[in-house]
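> Sequence:
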Amino acid sequence: MTNDNQEEPLIVDDGVDDPGDASSTQNGAVIDGVDNHPPEISRVKVFGFSLGHMFNDMCASMWFTYLMIYLEKVLKMRSWRAGTLMLIGQVTDGLATPLIGVISDSKLLPQAVTRFGHRIPWHFVGFILVAVSFPFVFNSCLLCTSETSENWKLIYYTPLIMCFQIGWASMQVNHLALIPSLAHHETCQRTLSTSRLAASVLSNLAVFLVLFIRFTLDQGEDIGPSDLPTFRTLALFVVAVGSVLTILFYILTREPAHNSDEETVDNVQITTSSERLGVKEYFTMPRFFTIGVIYMLTRLYGNLSQVYFPLYITMTLNLHKKYLGILPMISYIFCFAVYSFLSSKCVNQKISRLSLLFAGSFVALIASVLLYFKLPFEAIYITAAVMGIAQSLLLSSAFAFCNFLIGSDKGSSAFIYGSMSFADKVLNGVAFQLIELWNPSCNPHAEHEDCSVFYRSVMVFIPGACAAVLGLLGAVFLTARIHVQIAYDNTDRSILLRGGRQV
Numbered sequence: 000m001t002n003d004n005q006e007e008p009l010i011v012d013d014g015v016d017d018p019g020d021a022s023s024t025q026n027g028a029v030i031d032g033v034d035n036h037p038p039e040i041s042r043v044k045v046f047g048f049s050l051g052h053m054f055n056d057m058c059a060s061m062w063f064t065y066l067m068i069y070l071e072k073v074l075k076m077r078s079w080r081a082g083t084l085m086l087i088g089q090v091t092d093g094l095a096t097p098l099i100g101v102i103s104d105s106k107l108l109p110q111a112v113t114r115f116g117h118r119i120p121w122h123f124v125g126f127i128l129v130a131v132s133f134p135f136v137f138n139s140c141l142l143c144t145s146e147t148s149e150n151w152k153l154i155y156y157t158p159l160i161m162c163f164q165i166g167w168a169s170m171q172v173n174h175l176a177l178i179p180s181l182a183h184h185e186t187c188q189r190t191l192s193t194s195r196l197a198a199s200v201l202s203n204l205a206v207f208l209v210l211f212i213r214f215t216l217d218q219g220e221d222i223g224p225s226d227l228p229t230f231r232t233l234a235l236f237v238v239a240v241g242s243v244l245t246i247l248f249y250i251l252t253r254e255p256a257h258n259s260d261e262e263t264v265d266n267v268q269i270t271t272s273s274e275r276l277g278v279k280e281y282f283t284m285p286r287f288f289t290i291g292v293i294y295m296l297t298r299l300y301g302n303l304s305q306v307y308f309p310l311y312i313t314m315t316l317n318l319h320k321k322y323l324g325i326l327p328m329i330s331y332i333f334c335f336a337v338y339s340f341l342s343s344k345c346v347n348q349k350i351s352r353l354s355l356l357f358a359g360s361f362v363a364l365i366a367s368v369l370l371y372f373k374l375p376f377e378a379i380y381i382t383a384a385v386m387g388i389a390q391s392l393l394l395s396s397a398f399a400f401c402n403f404l405i406g407s408d409k410g411s412s413a414f415i416y417g418s419m420s421f422a423d424k425v426l427n428g429v430a431f432q433l434i435e436l437w438n439p440s441c442n443p444h445a446e447h448e449d450c451s452v453f454y455r456s457v458m459v460f461i462p463g464a465c466a467a468v469l470g471l472l473g474a475v476f477l478t479a480r481i482h483v484q485i486a487y488d489n490t491d492r493s494i495l496l497r498g499g500r501q502v
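Note that the sequence shown covers residues 0 to 502 in numbering that gives the first Met the number 0.
Derived by calculation from the structure, the hints in this document are not laboratory data. Please note that the accuracy of each hint is not assured.
Within a straight-line C-alpha distance of at most 27 Å, the following computed BS3-like cross-link-like pairs (lysine-lysine) qualify [as the list claims (entries may be wrong)]: (1) Lys279 x Lys349; (2) Lys279 x Lys373; (3) Lys321 x Lys373; (4) Lys321 x Lys75; (5) Lys106 x Lys279.
In this text the structure is predicted, and so the values were computed from the model without any measurement.
Please build the complete structure, drawing on both the sequences and the hints.
Right under this line is the structure:
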């Protein structure tokens, strides 16, 4: 327990937990037990878990990378209407995510269903919703004619996007909430997180590769309404492959049963859902909000870069549409390389959350500088690679901080991830809509010179600002760490540095 005259720090990061230590608290505090040996997790469990979000990742790749250019260039929607659909999707996802998290944590399912677990059934519900709705999002309006106004098309796509986003949120939250159930030690949890991110990269690469092949075989240089069959086929490909991978996830992954209020790990009791911290307790924790800011800005950086990079390619650089597949693919290849490097045991146990945050912020700022200057054509490949490295480092740090916040309180994991995602999705949706409202009249039926400068500015200044703020937060956390090392004795520091939280 901390001294009564000391305040809880915003967050503390000691690098990597010592596997030989075990933190403990008194008077009802959460206890985090760890093994005296280096933690391990089976490869089958890691592989099976990594498959559970690949369908979502492939859908998200199309959603974030190609939705705006699909709506504006293929369906010929005005920029503000395209932004409105993106906003509707993000707000729906943001509102659904914490609600689904609370429902998942509350264990309302009957016993006949919970024999499959408390998270996997809700994951399955989301899978069905996504599989049913997603093919219609990247298809023409089936109820429209050539004379149908854009407002009616807006109404047509809205319920489809809402259904897709609710299903996507259910799969995302419950897949993330499985991490504390499948692995108790932070190193093992980080292994699951990095394997999940690596699988996400492979999912994105599959989408980019298919689109690259289709656009390379196509004789046209510019993207337009004639490319509708390409996006429709790609959406059907995503649903087919994603469904197979999700079924394999259900076969290979077994969610541990929780039949008692407490369970023992390495002869140390840890809390389960009945003794987890409540919502009020989390909302009184400064670290809950500071980690939320990290997650939110990290996601904003990644999503903005992903959404507007294709528009930067086509409208600022005026490149052939085949580069819509090549350049994002290069970015994600380097993403995968970084995730693979971070998931190795020797690296995972030595690198800290704070180091990942600092490194990601620095590389992201380098990417913004490269995007700002008009460099030789070959430099765009380097820029795409640097963007991929930055995104992988920042996302790895964000998930590491979230797992740090959860600690042993795995009964509230869905609520925590849901809350983080709520702030992330709402901020992203509002940002996209504001950007499209400030869009300098980019009429999809005509070229506009100012759009070239506009999309360059979007790709440079907004992600660059996110990276700068994340770097400043890292400096604040480093200061907080030094303060804790000075102000607290060994017992108190051990509790704080390993995620123990006051009740």
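> Now look at each hint and say whether the structure bears it out.
How the hints compare with the structure:
1. Lys279 x Lys349: With Cα atoms ~34 Å apart, Lys279 and Lys349 exceed 27 Å; violated.
2. Lys279 x Lys373: violated (51 Å)
3. Lys321 x Lys373: holds (21 Å)
4. Lys321 x Lys75: holds (20 Å)
5. Lys106 x Lys279: At roughly 19 Å apart (the allowed maximum being 27 Å), Lys279 and Lys106 satisfy the hint.
In this structure, the earlier hints numbered 1 and 2 are contradicted, and the remaining ones agree with it.
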